[in-house]
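Going down the list, the protein sequences come from chains A and B.
23 is the number that the working numbering gives to position 23 of the first sequence; each next residue is one higher, with no gaps.
591 is the number that the working numbering gives to position 5 of the second sequence; each next residue is one higher, with no gaps.
Simulated from the structure, these hints should not be mistaken for lab results.
Since the model is a prediction, treat every value here as computed from it, not as a measurement.
All the pointers check out, no bait thrown in.
Just so you have them, the derived chain A footprint on chain B, three or more residues with Cβ under 8 Å:
id	region
1	613-620
2	640-651
3	657-666
Using N, Cα and C, we set each Cβ at its ideal position, and we do this for glycine too.
One-letter residues, chain by chain:
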Amino acid sequence: MADKTSTPSAGQDYVVIESGKTSLKDLYTKEDWMAIWMGFTILIVGLFIYLSNPPDKMQENFNKYNATMKEEAAKAPFKTIAWQQASDSKNRIRARDQSFGKTIQEFLNAPSKWTANPVEALYRSKAEADALNAPFKEAADKAKAAQEAALAKAKEAEKAAGAAAFKNADLNKKAEAEIAAWLKAKDAASKANAKVGNKPYNRLPYLLGAAIILGLFFGIGKAIMGQSFGRFFIGFFFVFALAVLAYMAEQQSTMSHYGFGFPLWAIIFGLLISNTVGTPKWVMPAVSTEYYIKTGLVLLGAEILFNKILAIGKPGIFIAWICTPITLILTYWFGQHIVKMPSKTLNITISADMSVCGVSAAIATAAACRAKKEELTLAIGLSMVFTAICMVGQPAFAKLVGMDQILAGAWMGSTIDSTGAVAAAGAFYGQKALYVAATVKMIQNILIGVIAFAVAVYWCAKVDCVPGQQVSWWEIWYRFPKFVIGFMLASVIFSIIDGSVSAEYSTAMIDQGVLRGWSRLLREWFFALAFTSIGLETNFREFGQYFKGGKPITLYVFGQAFQLCFTLLIAYIMFFIIFPEVAGKI
Amino acid sequence: MRGKEEKPLLRPGGSQNPPGRLKSWLKLCLGIAVLWFLTYVVGPFVDNLPWIKPAVSFIDDSGINTPAFYYTGVEEVGEAVNSIRNSLEYPPKEQ
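Please work from the sequences and hints to get the whole structure.
Written out as C-alpha cells, the structure is:
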C-alpha cells in the first residue's frame, strides 16, 4: 500500500529560497514574483473598494470637528468637554464601518472569543448571547448613569471656569479634574456596554466562503506557475482548517491573556500532525510556506506608512528609530562574537524580532535573509514567551518605581515585542501611557521595512559571499529575494498616497479602510497559512541543534536587558530634557 | 494544465504497519491531551495567581487584542495616534 502521509525531514529548510539566474519567465513561474502580482492585485482591489466609497459628508465633518477643537483650544487652558467630544467624533469616522466594510470583515475576521467550549468561537445562538448579556445589564445601566452624572459635573465645573474667563487657576484645575473624571466614567461605561453587546453569530458559512475564495486565489497563482490547481485546491482546505484552529486557540480567553497568537498555535498544530500521524500526502501541494509568507509580506508592506514616524514628533523618532537599530546591531554583534551563535540567520532573526517588533519583524527578516523555518519558529517562540513576561512585568516595575506615564509608555512601547501586548501594558499603567506606548510601537513597526531591505541587501552583498569576494551588482540582483521589491514598493506607494492627502483623510480611508478593513485581514490569513505550512513540514528533532548551550536564550536575554536600560535612558532624555514641550502637550 | 514535476516528498511518516500507525495516533492524542491540560488546567491556575490576576482581569475588561503583533491589528493604536495628533495640532492655550 502506498504511503498516504509524510513527515518532515531537513529537505525543505528555508523560509525563502531563491536560486540561479533571473529570466523573464521568472515573472510568472517564481513564487517571489507571483507574490508581488498577487499582493498588488489585492491592494488595488482594496483601494478601489474603499477609495470609491468614502463615508457620508466625511470632509465636512472633519472640518467641523477641527474647527471646534481649534476654537476650544484658543478659549481655555485645558481640553474642554467640546474639545474632547469633537476629537472623539473625528476618531469615529472610519471607512470600514460602512455596511460593505462590515460584510468584508464578516468573511475575513478571525473566529470569535471563547472560554470553555470551542464551538463558541464559531457559533452562538440568540439564547446564548442573551444569557451572556444578562448578568452585566445592571452594571452597564449603572455605568451609563455614572457617566451622565460625571458629564453634568464636568459641565458645571467648566461653566464656572468659563464664567471667570478661564483666568482663575483653581476653577480651571477643578474643571480639568472633573473632565478627567468624566472621561474615566465614559471609558468605564463603554467597557460595561461592550459586555452587554454579545450578539448571535454563525461563522461557519463565512469561513467556508473565505476558504473557497482564498483557495481559488492561491490555486490560480499555482496554476500560472505551472503547478496543479486541483491538487492544491483540495489540500488547501486542510491547511485552512488548521489555520482556523490556530485562530481559535488564539481567541481562547486564557491563552489570549498572555498574547499567544495564531502564529505559535499554527506551528504547534502543524508540528503535532506532521510529527505524529504525518501530514497526509494529498495535503502537501497546499503546504506552501514561501508562497503564503511572501504574498503576506507584500501586503504588510502597504501597512508600512513612513509618514507615521512623525506621529509623536521628534522624541518618537529618536526612541524608535535610533535606539532600535543600535540595539539590533549590538545584539547581532554580541551573538556573533560573544555568544558565537551557530547560524547568522538565526542570530539576525532573533536580534530583529527582539529589538524591533516581534513576530512581524521576525517574518520579514527571516524571509529577507533566507533563514531556515526552524529558526523563524524559534525566534517567534522566544518572542512570545518574553512578550508575556514583559507585558505583566514592565507595568508592575513602572508602578513600583512611580515612573511618569509618558516615560513608561515610551519605554514599554519600544521594548515589548508585540503591539497588542504593548497596548495592554500601556493601558494597565494609564491612558497617557497607552497613547504614548501604542504610538511609539507603531513608529517602531514602520522600521521593519528598512530593516528587511537592509538585511536582504547585506546578506546578498556580504554574508552569502566567500570571504574577500567582490560581488557585482548583477550578482546581488540575482540573489536578491525579489518579493522584497514588492514589499518595499507597496510601502512606498501607500506612503505616497498617505502623504498626499490630509492626515484625517488618510486615517479614515487608508488606515481605517483599505488596511484594517481589507489587506490586514487577508495578510493575517496568509501568515496563518504560512505558519501552518511550517508546522506541517518541520521535523521536531531539527530544533534540538539550535538549543545547544541555550545560545538563543542568552542572546535574547542580553539584547532585551540592554534595550530595557538603553531605551529608558533615551526616553527620559528625549521627553524630559530635550523635548519637554512634546510631553507637556500630551 | 499538467502540473510541474513534484519535489520529492518528505520522509514517509507515521509507520504504515498497524502497530506503528496506532503508536502515531496515540502520540497525536497525547499531544492534544497536553494542549488540553495547558488550556484548561495550567492556564486558569496561572490566571488566578495573586500577582497575575489584576493584569488578567484588566485585559478581560479592556478587550485589548493582546496577541495582535502589528499596529493595524490593535484598535487602541488608531485611537492613540488620533488623540495624540489632535493634542499636538490643537493644544490648549498657555495659561
